[in-house]
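Asker: Take the sequence shown: its position 188, counted from the start at 1, is 194 in the working numbering, and no numbers get skipped.
Check before you lean on any hint, since a few could be wrong.
Said to hold, decoys possible - Simulated restraints, written as ranges between beta carbons of each label pair:
1) 84 <-> 229: 20 to 28 Å
2) 39 <-> 229: 34 to 42 Å
3) 61 <-> 92: 17 to 25 Å
4) 235 <-> 194: 18 to 26 Å
5) 42 <-> 194: 31 to 39 Å
6) 127 <-> 92: 20 to 28 Å
7) 99 <-> 59: 33 to 41 Å
8) 61 <-> 235: 28 to 36 Å
9) 279 <-> 54: 43 to 51 Å
10) 287 <-> 165: 24 to 32 Å
11) 283 <-> 59: 42 to 50 Å
12) 198 <-> 231: 36 to 44 Å
13) 126 <-> 93: 16 to 24 Å
14) 216 <-> 59: 48 to 56 Å
As the list claims (entries may be wrong) - Cut-off 30 Å, straight-line C-alpha distance, at most; resulting in silico cross-link-like pairs (DSS-like, lysine-lysine):
15) 275 <-> 254
16) 165 <-> 27
17) 152 <-> 169
18) 62 <-> 76
19) 62 <-> 27
20) 72 <-> 127
21) 216 <-> 169
22) 53 <-> 186
23) 169 <-> 241
24) 254 <-> 215
25) 53 <-> 42
26) 216 <-> 186
27) 53 <-> 39
28) 129 <-> 39
29) 152 <-> 76
30) 50 <-> 39
31) 53 <-> 27
32) 42 <-> 99
33) 127 <-> 170
34) 99 <-> 166
35) 42 <-> 127
Read the hints as simulated data drawn from the structure, not as lab findings. Virtual Cβ for every residue (Gly too), placed ideally from N, Cα, C.
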Amino acid sequence: MKYLFLLSCFIFQTQLFAQSKSLTDEQLARMEKFEKGLEVLGEKFTKDSLQDNRQKAMYRFVMALKESLKTDNSFQFPFENVKYMSIINAPDKSFRVFTMMLLLDNQTCRHFGAIQLNRTKLKLIPLYDMSDTFPLYPYAVTTTNKNWWGQEYFNIVQKKIGKKNGYFMFGYDHNDLWSKKKIIEPMFIVNDSTVSFGAPTFEITEDDKKRIQNKFVLEYKKDASTTMNYQDIYKAIVFDHTHPEDEKLEGMYFTYIPDGTYEAFVWKKNKWIWVEKFAINNNPSMDTAPIPSPQGKSGRLK
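Make a model of the complete structure from these sequences and hints.
Answerer: Okay, structure coming up:
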């Protein structure tokens, strides 16, 4: 009897946490119907000239997306035709994350997002943008999905940190009228309703002083274009070295632009270790740096 009880518990848990399967024809038809509606709402919250209309369209979009995901096995539906929504899958396929941006008239923005766990039945972790409550330099901050640094994700790199799976989330923040930000922070799945962001996983040494950060932020001038992503060819995070347009503006990151050289982080002993000068020769996906070495201090947040 004891063994039958344990077996029944195992079967129940397996069903409860079972990963999603292929969509049936009926499920697929339902998802495709929702997708068409989301396409229309996406155009509306992005392009309508009135902020009030954009906001209403975004709220309707969020509600329709949530309703669509209630379909069994919805994790398998790619939403390929829905523009203006980023969908990034974890490397181990354990979850995917949706993020959207709503531009406001004052050129700031609000982000909306959710994490869908890979289950047959919907397990959704909402992300609440509380960026306005963060300190000016939030590199030491740790947060959860209830006070999320709103951003649009464009990549996820998975690393084992002790016994935990850490997912380094690469994001873009439109920020404000003067600057943009690119952000990297580790995320951990706590349970089916909670994730945490931030951990002491970035090590930077400058002027013989070592600094450990919970996240990494690159802020730069609004009309500048910067690179920051994981480059598999180097097994490293490579990013532009930036500097102020005028040396008198050092520390005013909204004036920072790339100078053609690169910095990097390499993974060692559960941390990303900063590399001040990083050569990117022979990489077909990135240009070779035309300047011998970085000039001035970077636009990294202190």
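Asker: What hint numbers does the structure not satisfy?
Answerer: Result: hints 1, 15, 19 and 31 break, sorted rising.
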